[in-house]
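There are 2 protein chains.
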Amino acid sequence: MEGFGNMDRKLIGVDLGGTTTKFAILTENGDIQQKWSIETTILDEGAHIVPNIIDSINHHIDLYKMDRSQFVGIGMGTPGTVDLEKGTVIGAYNLNWKTLQPVKKQIEEGTGIKFTLDNDANVAALGERWKGAGENGNDVVFVTLGTGVGGGIIADGHLLHGTAGAAGEIGHVTVEPNGYMCTCGKKGCLEQYASATGVVHVARDMAEEFSGSSKLKQLLDNGEEISSKITFDLAKEGDTLAKSVVDRVSYYLGLALANVGNTMNPSFIIIGGGVSAAGDFLLKQVESYFKQFTFPTVRNTTILKLAVLGNDAGVIGAASLAQRFI
Amino acid sequence: MEGFGNMDRKLIGVDLGGTTTKFAILTENGDIQQKWSIETTILDEGAHIVPNIIDSINHHIDLYKMDRSQFVGIGMGTPGTVDLEKGTVIGAYNLNWKTLQPVKKQIEEGTGIKFTLDNDANVAALGERWKGAGENGNDVVFVTLGTGVGGGIIADGHLLHGTAGAAGEIGHVTVEPNGYMCTCGKKGCLEQYASATGVVHVARDMAEEFSGSSKLKQLLDNGEEISSKITFDLAKEGDTLAKSVVDRVSYYLGLALANVGNTMNPSFIIIGGGVSAAGDFLLKQVESYFKQFTFPTVRNTTILKLAVLGNDAGVIGAASLAQRFI
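In the order they appear, the protein sequences are chains A and W.
If you read the first sequence in full-length UniProt numbering, its first letter stands for residue 1, the second for the next number, and so on.
If you read the second sequence in full-length UniProt numbering, its first letter stands for residue 1, the second for the next number, and so on.
These aren't lab readings, by the way, just hints derived from the structure by calculation.
Hints are all accurate, no fakes.
No copy is singled out in the list; a pair is fine if it fits within one copy or between any two copies.
Restricting the straight-line Cα-Cα distance to at most 20 Å, the calculated cross-link-like pairs of lysine to aspartate or glutamate (DMTMM-like) are: (1) K243 to E225; (2) K86 to E108; (3) K22 to D62; (4) K187 to E287; (5) K22 to E39; (6) K86 to D156; (7) K305 to E287; (8) K243 to D221.
These figures come from a predicted structure and were not determined experimentally.
All chains, full assembly: derive it from the sequences and hints.
Okay, structure coming up:
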């Protein structure tokens with residue numbers, strides 16, 4: 001019975017980031033059995049990255065006394081622009097990868113295991129969809145609020161890439177037609193309001209026109225560094241200015257996600273990334289605007305949720321990519 | 001050789017509307033071989049609709065001396081809320097269908113041919129995607145500007161429905177957070193600005209604050225009925241107010257479609273429906289805002305186009321639904 005032989009088959013998920021590379025060995029059901037991480041060495045134009053990944057995988061397979069034939073495949077999430085067919089990456093500047101990297105070829109040769117990859121935001125979306133807040137649904141949208149704002153979309157069970165790989169770029173939805181200039185060259189992108197630096201930008205601007213009593217205002221006036229976290233913490237404590245900042249950020253997030261909802265009617269829109277550490281305090285306020293800006297069917301059937309997998313979303317989603325080899 | 005036997009297989013497409021029901025017999029490649037239409041009789045709570053469809057199909061199959069076994073299936077686009085699994089329709093008010101209609105069961109029994117259906121906007125999207133401006137692409141969005149604003153989305157080759165069938169409701173994207181009240185109960189829906197009645201609404205409001213010389217202003221001041229068509233025609237002739245109205249409408253359409261582009265990066269976003277009869281004059285202005293509100297990858301790879309199939313989009317898309325029976 002082939003079914004029995006398959007019971008022990010495993011997936012490997014790799015989450016390649018600018019500072020650390022995370023690894024996990026998972027069952028075919030997506031349960032993490034082993035996980036570890038290594039520092040990402042970006043010296044020499046990132047030439048050590050792939051060899052280090054290969055060594056680390058081989059080392060751990062031997063360490064756990066596993067057999068290469070047990071592994072269905074390796075999936076990886078990476079920054080940069082990915083060619084899904086060829087298994088290459090280009091333009092991952094935080095890895096110093098400026099030229100085309102034949103990642104699939106190198107890792108398959110170095111490990112003897114099939115390999116596939118996608119970009120990091122898509123992979124995190126797949127992870128949260130499969131084993132996290134997405135409840136393995138067919139229509140799930142994931143947005144990550146970190147240094148930037150990224151996202152990934154699963155629609156009718158398929159991860160969307162669009163015609164040029166830009167599907168899911170929710171960070172560049174225009175929420176304020178004459179708003180802040182974005183690094184992408186256009187104005188009013190969600191990323192400029194709802195990323196960690198976006199929240200601080202909103203806080204600085206609102207502080208200039210604020211005249212009441214506020215700890216956040218004091219910090220800014222004293223030239224102290226503020227952060228998205230400080231802003232949310234002060235808002236939770238009732239600071240008037242900080243509350244207004246969170247309200248503004250929630251308005252833009254609520255508007256952008258409402259229109260994603262109005263367009264696609266997913267079962268869940270999941271909010272992850274560092275800024276989402278503000279938790280239910282943020283979620284409730286975003287939800288209020290989301291309900292204001294969605295029409296009834298979507299308001300009643302598309303649910304906003306916080307991500308639940310944290311750092312594991314990447315390795316789990318990456319591993320799910322390898323399921324295509326089953 | 002089974003391949004030869006299949007060469008003569010046909011599809012039937014039905015486009016059920018509030019005033020006429022259109023029919024076509026198509027090849028498996030989507031070429032229309034015969035088409036006809038009947039009046040839609042909505043008397044007696046729409047009880048005659050399905051029997052009339054059955055009679056018309058049977059009559060034409062006999063008329064063309066065709067054999068039921070030639071037909072792969074019948075697909076239909078319908079107003080109202082569709083249950084895809086059960087093949088039922090409810091709440092199609094322009095058909096007087098207030099209670100659940102077991103359309104699939106009735107038509108399969110009445111014709112002896114397999115039947116499937118979807119809502120009319122989705123079916124038109126499938127038609128334009130397959131044989132029209134969509135060039136049979138995997139990622140195509142269709143928006144129809146008529147009495148209302150509807151839409152349909154094909155993503156990664158799949159027609160999207162979302163968790164409650166509301167995917168593609170681009171008419172309810174919020175384009176003006178404190179804008180016109182919509183029939184859906186929320187403010188600022190695209191439909192309130194870019195439908196035929198929306199254009200007139202914008203014209204009336206802008207006329208109130210307009211003080212220059214304008215034929216459109218004169219018509220309104222004289223209490224004459226104006227239409228979306230009159231507004232566009234006057235704008236083409238250089239009427240100052242009418243030009244401003246078209247600019248405002250194009251701005252909202254450009255913003256909404258840009259954000260659909262930023263989210264999904266389709267190869268084509270196709271604009272159809274009565275208002276799109278304004279043609280390139282409208283398209284160019286929408287495109288200008290679309291480019292302003294999209295980030296570079298989408299700006300360079302997602303193309304706005306006018307629909308090309310006109311009234312045939314419905315029967316062609318409906319027929320494509322029946323391909324699932326192949």
